[in-house]
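One-letter residues, chain by chain:
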Amino acid sequence: MSSDVRFIDFKSDKQPTWCPGCGDFGTMNGMMKALANTGNDPDNTFVVAGIGCSGKIGTYMHSYALHGVHGRALPVGTGVKMANPDLEVMVAGGDGDGYSIGSGHFIHAVRRNVDMSYIVMDNRIYGLTKGQASPTSREDFETATTPEGPKQPPVNPLALALSAGGTFIAQSFASDAQRHAELVQKAIEHDGFGFVNVFSPCVTFNDTDTYDYFRDNLTDLAETDHDPNDFDEAKDRIMDADAEYQGILYQDEDSVPYHESHGVTENMTEIPDGAPEDATDLVREFY
Amino acid sequence: MPADFNWAIGGEAGDGINSTGKIFARALSRAGRHVFTSKDFASRIRGGYTAYKVRTAIDPVESTVDRLDVLIALTQRTVDENIDELHEGSVIIYDGERTSMQDLEIPDGMVGMDVPLKSLAEDAGGAIMRNIVALGAACEVTDFPIEHLGSSLEKRFSDKGESIVENNKTAADLGAEFVRESYEAETTEFEYELETTDENYVLINGDEAIGMGAIAAGCRFYSGYPITPATDVMEYLTGRLERYGGHVVQAEDELSAINMALGAARAGARSMTATSGPGIDLMAETFGLVAQSETPLVICDVMRSGPSTGMPTKQEQGDLNMTLFGGHGEIPRFVIAPTTIAECFWKTVEAFNYAEKYQTPVYLVSDLEMAVTEQTFPPEAFDMDEVDIDRGKIVDEDEVDEWLDDEGHFRAHAATEDGVSPRALPGTTDGAHMSTGLEHNELGRRTEDTEIRVEQVHKRERKVETAKEREDWSPREFGNPDADNLVVSWGSNEGTISEAMDLMGEDAPDFRFLSVPYLFPRPDLSEAFEQAEQVVVVECNATGQFADVLEHDTLERVDRVNKYNGVGFKADELAAEITEVLQ
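Chains as they are written, first to last, in the numbering used here: chain A, 11 to 297; chain B, 7 to 589.
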């Protein structure tokens, strides 16, 4: 690993096909910066993505990567990290990928607390399928499949994470490049599952949750007296449906990552040319 | 006196039937006798009917038969369920002091032995040992040296302390003593004596053999979701895999299980998941991704009766079509079905090698009866020195350079002559690349270019063609190679058909028997079919899925012997059926 890795080294030569102005550009740039700032390089980094606009990120970044099926990027990342703890594993997704089809995996990944980061590009809309309601869409958000709005409350991903025992829960805004990169970096550095929900506006299909909306309504926790180690304070802020926060909502300083709680620290990729030396003991167990 | 002896214990779920049966099976195995067990059980924790049957002989036994010589009945239903298998002279051991057994009527010609199992167990230290009293009684009836039962009890209870072991031995002794004193004449008349030998056998079931094969093959990561009858693979590996630097994860569902296993495989670990039919349905989604991203992965399907929830604790070979054809689009794969419990070990080792050599998912297809059957083998059947590991085309830092394109990108899906691309494990300098379920170019990047699409389809198919040429896909052959009749089967029926062949006698039609473990790629049986006047395909499903496949391969019609009532074939039953079809 060289110390002079720059964020540009994590960029592939493939031009993104995201719409001009898409929040995902800023989200990705912040991820690349954070990876470079934490001393990683493309050869020791594994990026996993699912399906949707967010899923394309593996193509636009340069690292080891898997672009998997819809909603199941977190289990893939879990397997990668367990098999080779030396790798930096970053999982990317969208609100549909992570909070709808993949919501089951999300809460269990949070519970497991594997030492990896999960960056969700939340645009509160299904973009790639051209504008249907997502699990984070507002109750009255009208789309082709929800002409009167979903008429059900949006999923609160931060609350899901907190209730599942999350040890690092943050939120950022793709347009606030510096803060976003800083928060992703903190997620990488966190000893456990670092989760960042990123407001990543869809300029084509969502005219409600826009750049302007977030600029006007976002409160940066760094400018408040918020204590991220205070669970109750985090809970109150997360459950406040009227507020939009940027910053670390909650961080458990005593987080014990999966590899420590389960003793999974060995690189599993090297194996002998034949059966393990004492494998005959396994046969003897059956006498 | 027939060469084999058949014994069973039956009662309600929760009566400790399974544990007791295994203790007796182990006692026989430790006495140098061959053993083949079977279980009747339901998907419930308490109540109902459950039984553990043991067939034993000095020579190897490979199937069950419809005959019972000694039955330990803890419930009336146990006698009712087995009435057709009991015969004149069969001994039924029961506890007449138990309220529900007081009115038990012993059928004509059979011998009832009323043994106060509970009272004697209490004398030995606790009612919980009543089944062990019954085992002691069974030893006395069959003249089986009780020290072997003691040896098995030591193995079972040694980690619970010496006094527990001693109490159990006492319980067994009391059962034997009671029979000796109260049923001396009956015992003398009983026609079986269980002789012993100096051999020491391995007593193992199919799930354990798969788990042991996985460790031998260098598997380091296992993720799974509990499901009958595959859970024993996971339970076997839990704790053991960790001894070899690996890890077992219980995932939140099968979707997650296969994706975790896929992740570990992409990181470069030998990786596996196991499930049964309902889980295979869920995994079908990611199965295509495994193949498309050219990830080496072993997916074990321990089949049970379907469709849907079907009969979760019953036998069926119903998933052949699913494993051969399941998934949208056209997915290159290997499908291997071990034909015996020992082969569960060896085919697991092969599955890992094929997965890595050809960077392709491998379905390892076993079934419920193999999973729950304990069978004896000489230890040489699992000779660890014979295990070879071939990891295929993994490239290191120095070799990566040969596979970079003009701009320095690693060609992870290079369309090579044999179809197999170089594999750079994450962490390898300059090997960074992506893989995807999308159609992609040789760099792993998405494309819809028509020429590249065709090139990549051909490249993936070429791996299968290469494997067909390089590897040995022969069936296992039994019987008379020149016979006019040909019997073909797949998976776990091998032992039963072999025994059926022995049972059929000299007047029965002669046949050649091919047992096929390789379902895809599979052997070309055209020539064998041409030589045969009649072909019979035996399989445990209703429609004859393998028969269909073979008819398609050979353009010949076959006769079919199918069973789909939830119970696997038995040797005597199959001997009669094959005889009838061939005559």
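Derived by calculation from the structure, the hints in this document are not laboratory data. A few of these clues could be false.
[Stated by the list, open to error] EDC-like cross-link-like pairs, simulated, lysine to aspartate or glutamate; straight-line CA separation at most 16 Å:
hint, chain 1, residue 1, chain 2, residue 2
1, B, K363, A, E295
2, B, K28, A, E295
3, A, K24, B, E454
4, A, K24, B, E413
5, A, K21, B, E413
6, B, K399, A, E280
7, B, K161, A, E280
A quick look at each hint next to the structure:
1. B:K363 - A:E295: violated (31 Å)
2. B:K28 - A:E295: holds (14 Å)
3. A:K24 - B:E454: This hinted pair holds, its Cα atoms lying about 15 Å apart.
4. A:K24 - B:E413: The given pair, whose Cα atoms are some 12 Å apart, holds under the 16 Å limit.
5. A:K21 - B:E413: holds (14 Å)
6. B:K399 - A:E280: holds (14 Å)
7. B:K161 - A:E280: violated (34 Å)
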